[in-house]
Amino acid sequence: MHKNRYTAFVFVAPILIFFFVFLLYPLLYTFHISFYEWNGIDPIKKFIGFDNYKSMFYDPLFYQSLRNFLVLCVLVITIQMLLGFLLAYIMRRNSKLFTVFKTIIFIPVILTAIVVSNIFNNILAFNDGLINTILRNIGLDQLAMSWTANPNIALFSVIAVVIWMGTGFSMSVYVSAMTSLSLEVIEASRIDGANRVQTITRVVWPMLRDTHFSLTIISVISALKIFDIVYLLTRGGPMHSTEMLSTYMFTRTFDSYEQGFGSAIGSFLIVLAVVITIIQMRLSRNIQN
Amino acid sequence: MKNRGIEVLRNSLLLVTVGLFSLPLYYLLQTSLQNKGFGNYYNALTKINLGQNMINSGIVTVSTVLLVIAVALPAAFAFSKITFSGKNILFLILLMSLAIPGISIAVPVVQIVKGLGWTNNYLALIFPYTALLSPFALVLMRGFMDQLPKELLESALVDGCNVYQAFFRIYAPLAKPVVMIVTVFTFLGSWNEFLFAKLFMRKESMQMVTTIPIKFQVNFYTDIPGLFAALVLIQLPLLIIYILFQRVFKEGLTAGAVKS
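Protein chains in written order, with the working numbering: chain A, 1 to 289; chain B, 290 to 549.
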């Protein structure tokens, strides 16, 4: 390998400049602001120590956002991975029809949040939304609900939309993992007398351990980053029933101008992100050994 | 006979699932053609000036893609082929930023953008997007560079090239496949970004496609087909790229999932 500090620096400097100015500096600055009371406009910030963190840890809405986030995280990741796995397994053989199916399921992955939110706000609307219209037409009026306006249901509607947007991703990752697996293994286990269910649960699923692992990590990180689709669908409402840490931070920071308090939530998010990354690195080292 | 039953059950479950997944897409297209048919699309482009917003998003996205490649490819080369102290720790720090949510750094970035006087300026989005999207590009590109033999560099140096020439003439051209993958993913990330676009582009003529429909929602309160036609247009560049580069997408997904 070539050794030269100066040459290496020339190659690495551009990405580092962007990293320092637009990521690391803002990150540290977020921690800094979290110790102040500040509306984001005044030139003067008031130092208040850990007060923002104290009010954050006494704030029931903070805990509600955290709980909503955990519910979303667990449900989305579980359903998305199981569904993606099953779809990839069922469509493991190449055929024209399966290619069309896979394309349809993948398209939501690339869609823009504003488009998705508009489609679903119309589908889920109480009065003339597509779902309720269908339900009423087949005589199931009592099942027609206010999908995004009822605090008991809204979170699950949001979760369903997020699953719609993400299943294509996990399916595609499983598809490529399965092609490298070789279908012979599956056939061989069949010949050895394993039935369909056993083949899936005892042969194919365990062989994809690494894929399950990376998909889980990717999904946790993207759940942590989730903002636009929730914000555009429900703004965290009704009554904070779909509030995530990110939407809660946005409202407190940019709508009620409590940038110090918002930055405390931001710092909490950053710490979560770093912890997740460290866990991921530890675990992947263990897997490799 | 038992197998046959399972197959029927499996196929009908598959059909129902695909049906449920395609329903919202069908609904989008079908609604966008109601009332005035393709006239809705014509109106979206002429009456509400969607074209300007698409141009804005296009400028920001193309610049971001070029800048991400320009900063990530040389760095990937250095991390893969040059030995220098602090290399591993530096790479780890860059990796950490993959998990940082954009919202958590929004307050300081607003201050930076204001300080530079970049509000309503494309640079307000291009620079932060590059910072947020280049770490993932770096991971993909380094993985690719690691597979290229280091002997190429050694023999180039023996032949009298310097390291820069070796990078530009040998490694950069060979990296074309991974540059394609990075292009597709950066394009998606930049075109779809919402938060910074909302915070920094206040002036109507400077707004991105991800934020403009908020205004449309008000204008189109009674004209849902018109709104939906605009939504399809917003999505069109991504769909074209997806159809053209389906293979690249798949390779990128696999590489991304394995590497991270």
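To be clear, the hints were calculated from the coordinates, so they are not data collected in a lab. It cannot be assumed that every hint is accurate.
Which residues of chain B face chain A? A few of them, derived with a C-beta cut under 10 angstroms, are [what the hints assert, rightly or not]:
1) Val307
2) Val360
3) Pro363
4) Leu387
5) Pro390
6) Ile394
7) Ile401
8) Tyr411
9) Gly449
10) Val452
11) Tyr453
12) Pro462
13) Leu528
14) Tyr531
15) Leu533
16) Gln535
Every residue gets a Cβ at the ideal spot worked out from N, C-alpha and C, and that includes glycine.
Checked hints:
1. Val307: This hint holds: Val307(B) lies near chain A, its Cβ roughly 5 angstroms from the closest one there, short of 10 angstroms.
2. Val360: With a minimum Cβ separation of about 4 angstroms from chain A (threshold 10 angstroms), the hint on Val360(B) holds.
3. Pro363: holds, 4 angstroms
4. Leu387: holds, 7 angstroms
5. Pro390: Since the shortest Cβ distance to chain A is 4 angstroms, the answer is holds.
6. Ile394: holds, 4 angstroms
7. Ile401: holds, 7 angstroms
8. Tyr411: violated, 15 angstroms
9. Gly449: Not OK, violated: Gly449(B) not within 10 angstroms of chain A, min 15 angstroms.
10. Val452: Constraint on Val452(B) satisfied, holds at 5 angstroms.
11. Tyr453: For Tyr453(B), the interface hint holds, since the closest Cβ of chain A sits about 8 angstroms away, which is under 10 angstroms.
12. Pro462: At about 17 angstroms, which exceeds the 10 angstroms cut-off, the nearest Cβ of chain A leaves the hint on Pro462(B) violated.
13. Leu528: holds, 7 angstroms
14. Tyr531: holds, 5 angstroms
15. Leu533: Result: violated, 12 angstroms to nearest chain A Cβ.
16. Gln535: holds, 8 angstroms
The earlier numbered hints that this structure contradicts are 8, 9, 12 and 15.
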